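Colleague: Required output: the full structure, derived from the provided sequences and hints.
Next come the chains, spelled out residue by residue.
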Amino acid sequence: MELCIDRISKQYKNKIAVDRLSLNLTSGVYGLLGANGAGKTTLMRMICGISKPTSGEVKFNGMDVSEERYRDALGYLPQDFGYYPEFSAQDFMYYMASLKGLTKSQAKLKTKELFEIVSLTEVAKKKIKTFSGGMKQRLGIAQALLNNPQILVLDEPTAGLDPKERVRFRNLISELGKDRIVLLSTHIVSDVENIANTILVMKNGQLIHKGALEEIIMIIKDKVFECTVDDKTAEHLIAAYPVINMRSEGENTFLRLVSDEKPHHTAVNVSATLEDLYLYYFSEVIENE
Amino acid sequence: MNNLGSLVGFEFKKILHNKSVIISIVIAFIITVFSCFTMIIGSNRQSNYGSDTMSNYDAMLLDKSYEKEFDGRLLDGELIMEASRAYQKIDENAAKYTESEGYQKYARKYSGIYGLIDAAFAQPGKAFNVNDFQAISEETANNYYAFRESQYRTNLANNGLWSSSDIEKVMEMDEHVQKPFVLSYKDGYQRFFVLSMTTIAILLLVISFCFSPIFSNEYTKKTDALILSSKNGKGTFIHAKIVTSLLFSFSLTLLFILSAYFVCMGIYGFDGTFAQLQLLIPAITYDFTMLDAAVLILVTSIFAAFLHTSICLFISSSSKNIIIPMAVSVVLIAAGMFNGIDNNFFIKLRYFLPSAMGNFADITTQLVFNVFGIQIMLYQAVCIVAAVVGGLLLLLSYRNFKNHQVG
Ligand SMILES: Nc1ncnc2c1ncn2[C@@H]1O[C@H](COP(=O)(O)OP(=O)(O)O)[C@@H](O)[C@H]1O
Ligand SMILES: [Mg+2]
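Top line first, the protein sequences correspond to chains A and B.
Using the working numbering, read the first sequence as starting at 507 and increasing by one per residue.
Using the working numbering, read the second sequence as starting at 229 and increasing by one per residue.
Hints in this document: simulated from the structure, not taken from any laboratory.
Since the model is a prediction, treat every value here as computed from it, not as a measurement.
Treat the hints with care, as some may be off.
Here are the simulated lysine to aspartate or glutamate pairs, EDC-like style, with alpha carbons at most 16 Å apart [claimed, not checked]: (1) B:Lys241 with A:Glu592; (2) A:Lys768 with A:Asp728; (3) B:Lys449 with A:Asp728.
Simulated coverage check for chain B against chain A, where a stretch passes if three residues somewhere in it have a Cβ under 8 Å from a Cβ of chain A [unchecked claim]: (4) 396-406; (5) 451-463.
Positions of the beta carbon are idealized from the N, C-alpha and C atoms, including for glycine.
Modeller: Pasting the structure below:
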């Protein structure tokens, strides 16, 4: 099982959303991490064949993304998509099942099973327009799984889920990742920290890092420092180093920052987390937000 | 596994979930049925009979009883002279002859006959008026059918849309037309045919309303990402959309046209079903009964609805906008109803627009088209063109949706 992404690019009028990106995926969970606008959604749309790459190609086990067989192996939860508000959750699932080529009996069986998993059994007959954001999101996840896909593409799947639902979702994904390709995007580090076998960091349309959590963190291992200094020194440090975290503590300021060397004599080296790496890379974006 | 059937079912569900669509269908249907009644509601000065005011409904019954007296009679010189003599009893001094006692008492029941023959006897620049009818000679009356033919020939030749071989083709068909005409009451058919212009316009408006959002709704409501990434999304799904739209528009066409037909028949009676079409259009050379013509209207309306549906689907598939397809189809409907441009090409083109295709007056125009040396009549040509153009537009709609880019 192999999904090959070969130098794909997507150019909008005056913006390169994805820039000559190559990637080979085998079974496992892949966490695609990147700030808003990094190009995650655009990349996923191309993988799902609903947006044509400006150049490059996507293949799964030799099948081109444009083939029906390819789509048959695909489950997709788009980031921002429409439901049919007048349909009941169950009808929506049956409809998606018809779109995915399931028979009526398969559709019934699968819907029942998936509604159990995402806890929608009680509201199966309710119209989607009465659903909360979290319920819709769970319904979206359920439809993506209808055809038991070998490639599961989930664009910001945890958006709208409450903390309890998030935990359940993570367990579900870990389970699913055992024998299929699961690619999920997020801009929330904790979503992928514990479940992704491989972390992909995307910035400005390019993959800037790829590897297991430990490998990725290696990049800034021994480079994360914490210190509490007076305001004037803090100003100085903020100007000189990427700051991951800061808060004022009385007259002083607490800083967590990235530096090759000890930035200040009071600074202590602390162990790095994925969040540090993420914030390190996207610090400009965070400030702009 | 083929999912076409269930996908069609879901597409129907989507259409029926759209309340504005359902409301528009209901309103349009009420208007269509109501318009069949407009001629028999209220009362009219024209139907004043002596000092009594007559309701339009009673006037209709009176006209019916008059006309039914002539059922089965031949329109020959003898009958024309009989009618002329009745018209001679109209008082010459009456301000409006239709309100005079002589007209109401003697001439009125012959008014249908006058209406049938006057066009044939008209001279260039001069209509055949009541005085001419009163003074008609027996010889002229006996030659009615010769006058009719030469008058039609002259009209076609002067028109500019008919070549001399076209005229021969049209006149050739006259050999099969029953002469003298056999009279019959036929007001139900007349009403149905007159209404066809508004019926088709209303039907096409409803179709625009139902099918302009068919594809664009999936774009604007952002359901396209789910559909296009699914196995059937770029194939069977699009077939299902097209099949649903065509089935739905076909059903609407049957509903509207047949309702108008049966309501007219209910009001005026089925009389005239097998009477010749010449009783409505004396010059026409088609050997059609009223029923033939009604079936013709139904068939051309079905083709018109097919073409119009395809146009809506095509625009809908290529635009995220819902207003544009609505606007374009309204303009198309209007363009088919108004003959404004004095240019032979555009005059002919108008007949191919859906709203003209379902209009009795337009579709019975005996235009001749030469296709690879074969002469075909307008009603055949418009159906062929609608089928071909509609089919092509459906293919393009299919491609448009399949290649639609999300984002
Ligand atoms: N249809 C579009 N037209 C123009 N620019 C677009 C379009 N879609 C996305 N972009 C741009 O491409 C970049 C990547 O967007 P996106 O893939 O949505 O990022 P992400 O999902 O990581 O937030 C953004 O700068 C966005 O503005
Ligand atoms: Mg996104």
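Colleague: Look at each hint and say if it fits the structure.
Modeller: Now for the hints, and whether the structure bears them out:
{"no.": "1", "hint": "B:Lys241 with A:Glu592", "in the structure": "holds (9 Å)"}
{"no.": "2", "hint": "A:Lys768 with A:Asp728", "in the structure": "holds (10 Å)"}
{"no.": "3", "hint": "B:Lys449 with A:Asp728", "in the structure": "violated (49 Å)"}
{"no.": "4", "hint": "396-406", "in the structure": "violated (count 0)"}
{"no.": "5", "hint": "451-463", "in the structure": "holds (count 13)"}
Figure legend: structure checked against the earlier numbered hints; hints not met, in rising order: 3, 4.
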